[in-house]
Every structure is written in structure tokens, then in C-alpha cells.
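Please take these sequences and the hints and turn them into a complete structure.
Protein sequence lines correspond, in order, to chains A and B. Just so we're on the same page, the working numbering is the position in the first sequence counted from 1, plus 45. Just so we're on the same page, the working numbering is the position in the second sequence counted from 1, plus 15.
For the record, the hints were derived by calculation from the structure and aren't laboratory data. From a predicted model like this one, the values you see are computed outputs, not experimental measurements. By construction, the Cβ of each residue, glycine as well, lies at the ideal position given by its N, Cα and C atoms. Be aware that one or more of the hints could be misleading.
[Stated by the list, open to error] Short, incomplete list of chain A residues facing chain B, as computed with Cβ under 10 Å:
1. R92
2. L95
3. V119
4. T142
5. R146
6. L191
7. R194
8. T257
9. F277
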Amino acid sequence: MTALEVSGLTVKLGGRRVLHDVGLSVDRGEFLGLVGPNGAGKTTLLRSILGIVSPERGSVRIDGEPLARARTKVGYVPQRSEFAWDFPITVEDTVLTGLTRRIGWLRRPGVAEYDAAAEALERVRMDHLSERPVGELSGGQRQRVLVARALALQPALLLLDEPFTGLDMPTQDLLLELFAGLAAEGRAVVMTTHDLLGALHRCSRLCLVNRTVIADAAPAELRDPGVWMSAFQLQPDNPLLGILEVA
Amino acid sequence: MLSPFDFVQDLLNPDLRFLPKALLVSMMASVVAGVIGSYVVLRGMAFIGDAVAHAVFPGLAVAFVVQGNLVLGGAVAGVATAILVAIFSQNRRLREDSIIGVFFVAAFALGIVIISQAPGYAGSLQQFLFGSITGIPDEDVVTVAVTGAVLLLAAFFLHKEFVAVTLDREMARATGLPVFALDLLLYIMVAIAIVISIQTIGNILVLALLVTPAAAARLLTDRLGVMMLLAPVIGAGSAFVGLYLSWSLDLPAGGTIVVIATAVFLLAWAFAPRHGLLARYLRRGSETVVGENSATKAKAAS
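Structure (C-alpha cells):
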């Protein structure tokens, strides 16, 4: 079942065309890695899917519906640096802030919201730290809290923006396992990343982006060095291409 | 020096009716400023608070020259500046602090020019800048009480939205919260909190009422709810003690209140249970023995 359908998406930012004619379709159960160099428009693509940036042309449909009606079906995990980690708030209350819009104006979270938050924290295995102030968490734990905040909405589509920035290898591995598991449970998971090895290893599909979609296939079918050279503007002797051969 | 008992007697003395009025107004204003100031401190928008505080001045000046309502005049000018800052800071070429720097000095300059048109302005200028406990009209007590109550209600009902926007603007936008409108509303609430605090404490020092108690409260707790209870208590306590000392030692009220609040802040900075200097010093001592603890902390910090 198609959770995300992007077609003919063209986005201009400050007069500059950042994305051109992007088409992308992601089913529930898929774990899509969105890779490309800095400035390729990966974050802009996520922000257009979320409706934060309005495209010049093209459409975005979530679960077959336009975004305006499907907003609560999208869970978003922005880069960790966007979050005010010095704010005096507990892990549980942070997860509840993801439900602010659903709870609605002038109302307080009820039993249903507390249950959703607890369930989301359990899913990312952070339930034992729910009373901890967020400022005291490690980098990997912080990333888990942000994922739980997105999961509390029980989204059909989960968007992750650079979840591994500044994290060490074992932490990255555990998170990759978590994301793959979330996809396997029937969500569509889309992740931008610079960790090509991890993405090749764990994602069910890779999408190479540089202003537009350059290649979109399962990792095993992306052996052709040409698409990587074109997406990342690599020289033929770049060691990455050697790694692709053996991967 | 007056004993606290004498102070209470003076408060009840019908010849000194201005004294309980001043106490009531400054304590109510401190409570409101403590709650609104908690958002100001957590969002790191103290400079915006400063801007609005200065921008209120031309409004007060106009109201004074035309003999209008001071609270209303100040509120209009403060809110207008808050809106201008919010709109102009959408322009990416100039950073917000430059915009604020331009507007708040300009507004203050305008205020000085306007008030110079009023006969005998020197005395009233001093009263605006440094505050005064005499001459608060009865209707202002009511105005402060009603506006303060409205601000507290607004903060109560919009609390979860303000928290969501402060924590993570990107996520707030993604879930469809009206981020710009909420920013604007918060600026306006800051402007109004400043206006109702200005009479006793004065224009120059009013920022302290907004920032100092909330900053002290932040040092004392990691819980937002506790912080938003502590800040108004610290503010109102400082207002009470400050006014008492000011009355009994013949010191300027605004300055004394701010000095007391600052003393509370310094005490919190030194002795706060988890984030204070003393607690950190003690913890560092124990860590060199345990060792293990500092490793987990380094991990948490990374």
C-alpha cells in the first residue's frame, strides 16, 4: 500500500531551483534511504513532503490523501540540533508535545495521549527513562526520544532527517535496527543520511538525489558506479566506488 | 530602620493609602512577569524583552502629553514594536538582534522627544525611567489586576503550544501549529507584562522583573511547572521585601526591588541543589573518587 506518493515536485527557494521534477513512491513496510551530497535538496524534499515548504509544481499525497487532510499520518524526526535540549522537560512530556496539534486548542492531554506516549517510548526502549530531563540523555537516547515523539502519532509515514549526525558506530547500528524494525511493522520509513554503508546494508531501497532523482532501486541493484559518480560528483578513483563493488 | 511591624502599620494607615496600592501593584506585576518571563528565559529572548521595554516609552510619553491612560499608551507602543520586530525579522538579510537594536533605541529616542513637549517634563521623565510608588491612580490597580489575570489565563491555556514551539520550531511547523502567530502573541504578552510592571519599577529596570526571577527559578529546578511557580514567588517576594526596605530606608523602590531579586539570583547561582556552584564543586570532588560517574556524564554531554 502506497504511503507516500510524490510526483513532478519542483521547488524554488529564494529564486533558486532546489528540486526539479522529483517523483517518488514509498509503500508501507519499506525503509527508504535518501542519499546525496550536501545541498542536493534532501532536507528540502522532506520539508516539502511536510508542507513546511510549498512547491512550485507537483503534488504530495500521504496514504492517497493530500497533506492537508493527512497531516497526522506523518511522523517527523528533525535533525537533533533543531531541538532545545536545555529546556526543563522530561522525556515523557517531550513525547507528548508531538501530540500538541492532535489534542487541540485549550485542551490538556488525556488518557489516550498518555497511553500513546507510553507505547511510543516502549517501542524505542526508552520507557525506563520517561521521567528523566532530556538534557541528561546521551546522543543516541536523544534520537530515540525524537523518534518516540514522532511515533506517538502512530504515523503511516515516518520521516527521519540525518538521524546519525554525531553518533558513534554501535549507536548508529542500534538505531538502524530500530528503523528497519519500524518499517517491518508496516510503516513507510524515509531517512536522509550521509552514512552510505549503513544505508546500503539496512535500507530496503535507496534513492540517490541531486536536485532530482538520479537512481531509485534496491541496494543490490545499485552496483553501477556511474549513478554514484553522477549523484555525488565523484572521481573514478574514489574509494567509495570500490566499496560498492564488494558490498 | 523601620521594623516589619511598623511597615504593616504604615500599610494600614489611611494617610498613606498610596503605599498598599504600590505594594499590591508591584506584587501583582511581579507574579505576571515571573510567569511570562519563564518563556522569555527559556527561549533566550531577553533582548526582545529589553526592546519591548524601551519601546513602551514613547507610548507612555504620548499618553502623558495628551493626559491619556498610561497603561493603554504603553501597551499600544510596546505591541506595535513587538509586531514590527516579528515582521522585520522574517527578512533573512539582517539578524534579529540588529533589527531590535535599531527599533528599541529609535523608540526610546522618540519617547524623549515627545515628552520634552510636556511642560515640566524633567520630573515626570525621572518617574517614568525609575518608577515611583506615589501617585498610582485607583483605576490602575484595577487595570493591572484585570490585564494580569487575562495574561495568566492566556499563558495557562496556550502553555502546551508555547512549549512545543520553544522546544522545536521545525516539528511545530511540521505538525501544523501556527508558529508565527504564536510568536507574535508571546511578544504581545511580553509587552503587556512590561507595561503593567513599569509604574513602580520604572522603564529602565523593568526587564529585571521579567528575567531575573525566572532565571533564578531555572537554576533551582529542572521541572518547567516548578519553574513557573517559583519565578512568580521569587518576583513577588522581591517586590515585598524591596518595597519594605525602600520605605523604611528611604531608597528608590524600583532599584531596591531589583537589587533584592538579583541577590536571590546570586544565591540560587551559588547554592542551587543541582546546577549551583557549590553543588558542582562537591560533585567534582566525589567524581574524582568514583571516576565512573564522570564517564557517564561525558557521554550524556556528547
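Status of each hint after checking the structure:
no.	hint	result
1	R92	holds, 8 Å
2	L95	holds, 4 Å
3	V119	holds, 7 Å
4	T142	holds, 5 Å
5	R146	holds, 4 Å
6	L191	holds, 8 Å
7	R194	holds, 7 Å
8	T257	violated, 23 Å
9	F277	violated, 26 Å
Comparing the model with each earlier hint shows violations of hints 8, 9; every other hint is respected.
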